[in-house]
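Residue numbers (this note's numbering), protein chains in the order written: chain S, 885 to 1425; chain D, 3 to 231.
Take the hints with a grain of salt, since some may be wrong.
Claimed, not checked - Simulated crosslink set (DSSO-like; lysine-lysine; CA at most 30 angstroms straight-line):
#1 S:K896 with D:K196
#2 D:K196 with D:K128
#3 D:K128 with S:K980
Stated by the list, open to error - Which bits of chain D does chain S cover? Going by a derived footprint, with three or more residues having C-beta under 8 angstroms, they are:
#4 155–163
#5 196–202
Said to hold, decoys possible - Beta-carbon label-pair distances, calculated as ranges:
#6 S:D894 with D:T195: 50 to 56 angstroms
#7 S:K1198 with D:A205: 35 to 41 angstroms
#8 S:K1278 with D:K196: 30 to 36 angstroms
#9 S:L1347 with D:K196: 44 to 50 angstroms
#10 D:A205 with S:L1142: 33 to 39 angstroms
#11 S:W987 with D:Y188: 28 to 34 angstroms
#12 D:W99 with S:S934: 39 to 45 angstroms
#13 D:P203 with S:D894: 27 to 33 angstroms
#14 S:T1009 with D:W99: 43 to 49 angstroms
#15 S:L1142 with D:Y188: 38 to 44 angstroms
#16 D:G126 with S:D894: 38 to 44 angstroms
#17 D:N91 with S:S1213: 18 to 24 angstroms
#18 D:V143 with S:I915: 52 to 58 angstroms
#19 S:L1322 with D:G86: 44 to 50 angstroms
Calculated directly from the structure, the hints in this document are not laboratory data.
Note that CB positions come from ideal geometry on N, CA and C, so glycine has one too.
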Amino acid sequence: MFRSSLAATDHKTIGLRYLWLALVSVFLGMITSLVMRIQLAWPGPHFVASPDAYASLALVHGSLMVFVVLTCAPQAGFGTYFLPTQIGANEMAFPKLTRLGFWLTASAVIGMVAAFFCAPDTGLTVWLAAVLVFSLGAALNALNFAVTTIDHRAKGMTLPRLPITVWAWFINAVLSLLIFSTLLAACVLLLSDRFAATHFFAQIAAPAASPIATWQRLFWFFTQAQVYVAIIPCFGIVTHLIATFARKPVFAHRGVVLALCASGLSGFWIWGEHAFAAGLNPDAPLVFSMLATSLGVPASILLISWFATLWNAKPRMTTAMLFSLGFISLFVAGGLTGLLLSRAKFPALSRGDELVSGHYHLVMGIAATFAMLAALFFWFPKMFGRALSERLGKTHFWLTFVGVYLLFIPMHWLGLVSSLSHPSGELTATSLVATLQLCITFATVITIAAQGVFVLNVAVTLLRRADARDTNPWRAASLEWARLTPGSAIAVTVHRGAYEFLPVGIRDSAADFLPQNAPPTETLPPPLNPGAASLDPLGST
Amino acid sequence: MSGTNVLDDIELVVEDIGNGGGGKPPDHEDHRGGGGDDGNLRPRRPNPSQSGQRRHQTAILLAMVSICMFFMALAAAFLVRKTGKDWINFRLPPIIWLNTIVLLTSSLTIDLARRRLAINDMSGFKAMWRATTALGVAFLVGQVVAWRELVTMGFYVGSNPSSSFFYVFTAAHAAHLIGGVLALFYVLFRDFTKTDRLSLPVAAEVTSYYWHFMDGLWLFLVALLFFGA
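Model the full structure from these sequences, guided by the hints.
Structure representation (structure tokens):
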């Protein structure tokens, strides 16, 4: 039993394991952030004895959240589960590679957590080794994804017919192939500096950097690459969900695909530039400002597409849709602060403080988490045969949504106050700063408490019996919802794109879509009322 | 939710396997041939690689891109680090040039082996393939000799960034080449009649791509170390 479970290569099993891994990590990460917030609101030796311990706590929080939650869940988790089914394949191209990738990732996670319990210097080495293993696993996984998308598409699944989610996973896989092998090279050099007494990163006889600075530098160095790897699948998921719930095709389908490619490209070059041209000396605020500007153009295209898809639509406000809209809201809010940061002189005033931290969390961490929650609510019926409770889901959404804004807007404010009044950047214990710190800590507690509703929702739903009504509750048209006999000798044939929804009023509401594998004889009738909801002329294929 | 009666109306289009995946829409073409080498694909049998005829070739090409990035990152670090004040140049050990010739020859023999395979000359193929494997192992031994020469010259791994880069480059290349040698052994000793997931021509093709790639990569690294230092 145990051995067979270790040896599983099935993409659904492995995909679920990634998701469970991410779920455990997200709660561990939230606990560490709570400890850090308590430390910041009431300074003194409570849980964290020294600045060094605080730095390593921040590293554990960051690594768990960035590596496991943001990188693994949207790409390896949902991707491994749904990429093959969405393109009509039975399995990933190399099932054993899927398994290897998962176990490498799992051991890397254990290493990252173990690093926290070691002495600072040993911990750093353990953490580096863990990142090396993680990069290897991620690169192998990306290879598997790319080959599956290129070679394992069902008959008729042409590139324009691919769902946007598949495009995002594919582009992200290509980006990961390039980025993680570069990370691997950096890890090799860093580890040989530590083990073989080489001097790749520091001049011979140069004074050693303080451990805290090293922790932070390494973390930001790796995070630069992760930003794009984490956000691109989220773009795909949100685009897919908005089209499905708006019952309209993706507006400017091709433009969206090109925008995804562009964000992949910018993610690659900007990272390479900073990693090596800057000589491994990341200047965090500057990096984020560059990032905000470079991501700006593709992000605007995506925003235009999302709003145009929603234009004149009567979207179904399910929990998954709410989380998608929440993603857009957070992404826009984060982008606005990105504009602040991209002003050349501004970051110099506020280096490494709450403004950057708030911006980064809002646009990256929280927005991506919203996209993941949207994906989870959307695909839960497919994965477990029953849908999550909508009432609990909506409570969870509103509590979290209000909570994160209460958390991160004061954090931005704090960044502004502390940097503008003291250009040197040091924090002084004015009453406003103390109040804001307290407010942020309370908002953190509220937000984390709201996740209890989510845990309750998942637990209650998993205890319920599977429900036949939940075979395709969202009336989505992509292949994973089509009823196929698993493992049979027949292959599915695709005849159309993934977003063929009929305008409201054509049929009864239960049959207002054409699945991708519906026979070609079935076609979309012209809209009854062309003014009300016109089909997108650019995107349908 | 009222999703139950929808799917009952929808007939799934089912067709026999045996056609290559992706490509054009099938609406007008009923019986396209699959990839080039689907001779061992038996119809009426569940086959997980129904549309993955060329997945090994695709995988090796993408892996090469990824490995390329790995070495480009090392090369970039080399070029940046070279400007440091503590950099001391050293002469490459002479056996490096012999090793280069050995590796180039092995690239030639693996290509000859594939030509033998193409005309179904199995004994000729095996002989050439064995020669390639032997040359590959000889190259690895030669690299160890090069390291020892460097040590006798007094350049250890940690002595200077320049020698550190030499050791890291050669070690990383050797690690990748060991993978290639293992693939050569795999093709030599694997009984391909037992499986239909991978055929001998495909395995030989993929291995030869990788081997040529290792060859080119080595030329690049030698040029970098020779001209860059």
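Cross-check of the supplied hints:
1. Proposed proximity of K896 (chain S) and K196 (chain D) is supported: the alpha carbons are some 28 angstroms apart, at most 30 angstroms.
2. Straight-line distance between C-alpha atoms of K196 (chain D) and K128 (chain D) comes to about 19 angstroms, which keeps the hinted pair within the 30 angstroms bound.
3. A distance of roughly 29 angstroms separates the Cα atoms of K128 (chain D) and K980 (chain S); the hinted pair therefore holds under the 30 angstroms criterion.
4. Residues of the region 155–163 of chain D lying with their CB closer than 8 angstroms to a CB of chain S number 4, which satisfies the three-residue condition for coverage.
5. Judged by the Cβ-Cβ criterion of 8 angstroms, the region 196–202 of chain D is not covered by chain S as claimed, because only 0 of its residues qualify and three are needed.
6. Distance hint check: the CB atoms of D894 (chain S) and T195 (chain D) are about 27 angstroms apart, inconsistent with the given range 50 to 56 angstroms.
7. A hinted range of 35 to 41 angstroms for the beta carbons of K1198 (chain S) and A205 (chain D) is inconsistent with their spacing of about 56 angstroms.
8. The hinted range of 30 to 36 angstroms is not satisfied by K1278 (chain S) and K196 (chain D), whose Cβ atoms lie roughly 56 angstroms apart.
9. Checking the proposed 44 to 50 angstroms range against L1347 (chain S) and K196 (chain D) shows it holds: the Cβ atoms sit about 46 angstroms from each other.
10. A C-beta distance of roughly 37 angstroms is found between A205 (chain D) and L1142 (chain S), which places it inside the suggested range of 33 to 39 angstroms.
11. As the Cβ distance of W987 (chain S) to Y188 (chain D) is approximately 22 angstroms, the hint placing it in 28 to 34 angstroms is violated.
12. A hinted range of 39 to 45 angstroms for the beta carbons of W99 (chain D) and S934 (chain S) is inconsistent with their spacing of about 55 angstroms.
13. P203 (chain D) and D894 (chain S) have their C-beta atoms about 30 angstroms apart, which keeps the hinted 27 to 33 angstroms range intact.
14. One distance hint, 43 to 49 angstroms for the beta-carbon pair T1009 (chain S) and W99 (chain D), is violated here, with the actual separation near 37 angstroms.
15. At about 41 angstroms, the beta-carbon gap between L1142 (chain S) and Y188 (chain D) stays in the expected band of 38 to 44 angstroms.
16. Between G126 (chain D) and D894 (chain S) the beta carbons are some 42 angstroms apart, a value that agrees with the proposed interval 38 to 44 angstroms.
17. Roughly 57 angstroms separates the CB atoms of N91 (chain D) and S1213 (chain S), a value that falls outside the hinted 18 to 24 angstroms.
18. The supplied range of 52 to 58 angstroms is met by V143 (chain D) and I915 (chain S), whose beta-carbon atoms lie about 53 angstroms from each other.
19. A beta carbon spacing of about 48 angstroms between L1322 (chain S) and G86 (chain D) agrees with the range 44 to 50 angstroms that was offered as a hint.
Hints 5, 6, 7, 8, 11, 12, 14 and 17 from the earlier list are contradicted by this structure; the remaining hints agree with it.
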